[in-house]
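Make a model of the complete structure from these sequences and hints.
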Amino acid sequence: MAKIKFKKLRLTKKVFSVPYILFLLLFVVIPLVLILVNAFLDSDNNLTLENFKTFFTSRANLIVLGNSLLVGVITTAFCLIIGYPVAYFCSKMSSGRILVLLYILPMFVNFLIRTLATKAIFIAIGVELGMGTVLFGMVYNYLPFMILPLHTTISSIDKCYAEAAQDLGASKATVFLKTTLPLSTSGIISGITMVFIPTISTYAISQLLSNGKIFLFGDSIQLSFEQGLYGVGSIMSLVMLAFVLISNLIMNAFNSNANAVRRSLW
Amino acid sequence: MKKSLKLILVIAIIACLLLPLLSACNKSEDGASGTDKLVIYNWEDYIDSSLLDEFTELYKATTGRSLDITYTTYDTNETMMTKVLKGDANVDLICPSDYAIEKLLLADCLLSQKDVYAELQNDGTLDDIDFEFSGMSSLNANWGNIDAEVMDVISDTFSEVKSKDGKPYTDFMTPYMWGTLGILYNVNVVSEEELEEYGWGVLWNVQQNEDLENKILMKDSVRDTYAASVLYMKEYDLLPDGYQNYSIGDLINCTDDAMLKASEKVLTEQRDHISGYEVDFGKDDMLNEIVYADFAWSGDALWAVEESYDEDTDEYLLGYYVPEIGSNIWYDGWCIPKSVNNKLAAMMFIEFMCQPTSAISNSMEIGYTCAVAKDKLMADEDVLAILEENEYDTDEYFEDEGRYPEINESLGVMRDFGTRGEALVGMWQRAKSGNGVSPALWWCLLGIVGAVGLAIAIYFIVQALRYRPRVIKSAEPKEKE
Chain A
77 MAKIKFKKLR
87 LTKKVFSVPY
97 ILFLLLFVVI
107 PLVLILVNAF
117 LDSDNNLTLE
127 NFKTFFTSRA
137 NLIVLGNSLL
147 VGVITTAFCL
157 IIGYPVAYFC
167 SKMSSGRILV
177 LLYILPMFVN
187 FLIRTLATKA
197 IFIAIGVELG
207 MGTVLFGMVY
217 NYLPFMILPL
227 HTTISSIDKC
237 YAEAAQDLGA
247 SKATVFLKTT
257 LPLSTSGIIS
267 GITMVFIPTI
277 STYAISQLLS
287 NGKIFLFGDS
297 IQLSFEQGLY
307 GVGSIMSLVM
317 LAFVLISNLI
327 MNAFNSNANA
337 VRRSLW
Chain B
45 MKKSLKLILV
55 IAIIACLLLP
65 LLSACNKSED
75 GASGTDKLVI
85 YNWEDYIDSS
95 LLDEFTELYK
105 ATTGRSLDIT
115 YTTYDTNETM
125 MTKVLKGDAN
135 VDLICPSDYA
145 IEKLLLADCL
155 LSQKDVYAEL
165 QNDGTLDDID
175 FEFSGMSSLN
185 ANWGNIDAEV
195 MDVISDTFSE
205 VKSKDGKPYT
215 DFMTPYMWGT
225 LGILYNVNVV
235 SEEELEEYGW
245 GVLWNVQQNE
255 DLENKILMKD
265 SVRDTYAASV
275 LYMKEYDLLP
285 DGYQNYSIGD
295 LINCTDDAML
305 KASEKVLTEQ
315 RDHISGYEVD
325 FGKDDMLNEI
335 VYADFAWSGD
345 ALWAVEESYD
355 EDTDEYLLGY
365 YVPEIGSNIW
375 YDGWCIPKSV
385 NNKLAAMMFI
395 EFMCQPTSAI
405 SNSMEIGYTC
415 AVAKDKLMAD
425 EDVLAILEEN
435 EYDTDEYFED
445 EGRYPEINES
455 LGVMRDFGTR
465 GEALVGMWQR
475 AKSGNGVSPA
485 LWWCLLGIVG
495 AVGLAIAIYF
505 IVQALRYRPR
515 VIKSAEPKEK
525 E
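Heads up: the protein sequence lines correspond to chains A and B, in order.
When we follow this note's numbering, the leftmost residue of the first sequence carries the number 77, and every step to the right adds one.
When we follow this note's numbering, the leftmost residue of the second sequence carries the number 45, and every step to the right adds one.
Every clue listed holds true.
Simulated pairs of lysine to aspartate or glutamate, DMTMM-like, Cα-Cα distance not exceeding 25 Å:
1. B:LYS206 <-> A:ASP120
2. B:LYS309 <-> A:GLU302
3. A:LYS195 <-> B:ASP316
4. A:LYS195 <-> B:ASP119
5. B:LYS130 <-> A:ASP118
6. B:LYS387 <-> B:ASP167
7. B:LYS127 <-> A:GLU302
8. B:LYS382 <-> A:ASP120
9. B:LYS130 <-> B:ASP215
10. B:LYS309 <-> B:GLU466
11. A:LYS195 <-> B:GLU351
12. B:LYS206 <-> B:GLU453
13. A:LYS129 <-> B:GLU308
14. A:LYS195 <-> B:GLU257
15. B:LYS127 <-> A:GLU126
16. B:LYS305 <-> A:GLU302
17. A:LYS195 <-> B:ASP324
18. A:LYS195 <-> B:GLU88
These stretches of chain B come out as covered by chain A in the derived footprint (C-beta under 8 Å, 3 or more residues):
19. 115–128
20. 464–474
21. 485–495
Hints listed in this document are in silico derivations from the structure and should not be mistaken for laboratory results.
From the three backbone atoms N, C-alpha and C, an ideal C-beta is built for every residue, glycine too.
Now the structure itself:
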């Protein structure tokens, strides 16, 4: 008996995925189930739908959610506007790889330390902490996540396309708009996903860079759990999860439509 | 599929077998080699850490076993309570505030210190050691070493609060520190006349001091900020109808909808005048003159005032003021939660904290007023020696009104809100999120959309210009000739 069992447990490639599957089960699936369960319980552990009512009828909660989404959209837009030219020119230059490394260098410093340092700089030069500083902090923190996938995609585009367009008499702008831009769509989309999803759920950056005055959805969730309001906090987490899933679906839909090189880092 | 399932099962079984083994390892370490453990869960910056080593030595000298102290911290009562109430905190000692002790007591999370003492006596633990528990207020008549005035306020306020088996509140706690809530201010920006005239209104910048605008910090803690808003409303007659005659204590603990609504209004108004909310960096920002007024606990404030002393000019940069209309009087007490493992060490630690010398060391380190009675401190020669060593003037130290305020009707104690806590958190969430989506965001979005639109428009115009039908140029010169 023992021999047979042992044979069945041969080391195959699949076995190496087991630790990660276990990890996922323990630290992703189980917490999600707990959140789901908590969402339907009141403080005395009775089944209730009251939490949903509390969340969706509160104007303040919806405003906070709206604020967060808006901050997410604006941060993503800024990252794209700043990040695309950077990635584009870096991929054109021979020293581009090193330049990109310089851009992602701040990522090697812990983001809390980075944010606190940013705050100290703002205070030193006398900038008033508020929405502006929060947006700056967000863009600063998430810019590398935009540049990296863009750089990988753009530098992997075959130069022949651009050369062919040029040979056929297209101007520089047309070459860019008709070849490079469409071919880098997949990079843009993964960049947007990489920036938008973390920004709508962020909380430490907004708290630190506005002295707690700017109150985003992440802060709201944190406050609920800290004050022991597990029910409402769970609902908020579920709403957040829904937004993450929705934005992922939208991005995927875009991505499959795009007739582009499907090769990006992420 | 089946294969991987089996493998998961095997690994799970191995893990199950290993886990108890690991914890067993820990346990054998505890007993056999003579090392005990004590887990303390206290506020941040709330102890003179050299006392922890002193206590370890004392424990070793008394029991013959060495002690391994794990010291962890929290920043608000709510953080700590969430952990203790959910049973996640595996600790021997906690140091909650007045209302938090009430909540934990009613939730049946605390052990009576009298019971623990009796238990230690019965199982003979106390016979083996030479240690006297004479300082703890929970064990002794006349409250041991603890300030009788403070204990009177406590036992009056919580006289009706009893545990499930009918034991009084004071059996479950031994006060550690106490103090008031007030305004920590920068003397160069806020004058004393201003404080006297406007009281709590200073935190709303009622006097429209230009330098103070946006340079005020509030506490990022629901209970304290709510108390501030209530006191402000009382001072400026903004209380809803029917609440005008309430005492300060009743007002601080009132959670009627009308009061919450009024408080939400003044807190939302306040947002336009303040720099933000904090619980930990306020005193540093005050010292660095980043902000000029801070809603502060007396101990933090006194510590900051002391730090702000300038030797060259012999002046203090900061001051602490408690408005005359009234304030909150609070205290934190040592409690033993039900999760306690080492009862003897926990009790001994509380007793150690009640000794005049430890109390004064703590007070000097963190700035707060220790709960050990003033006359007990002044009568102890070691205490006087410690004070002198640190260059304090004894009379000045004990007569400081910020440190030892007069305890009267105008100081109210916070009580537990019970189930109304959720309504308060809801109010706090609304007040913090403000009235609507910030217009700056809309402008930002509009700007981005506009810029992108402009870029596209320019592109199309350029294209249109470039590919417009042209007249053949060769014909033109001829006409001119």
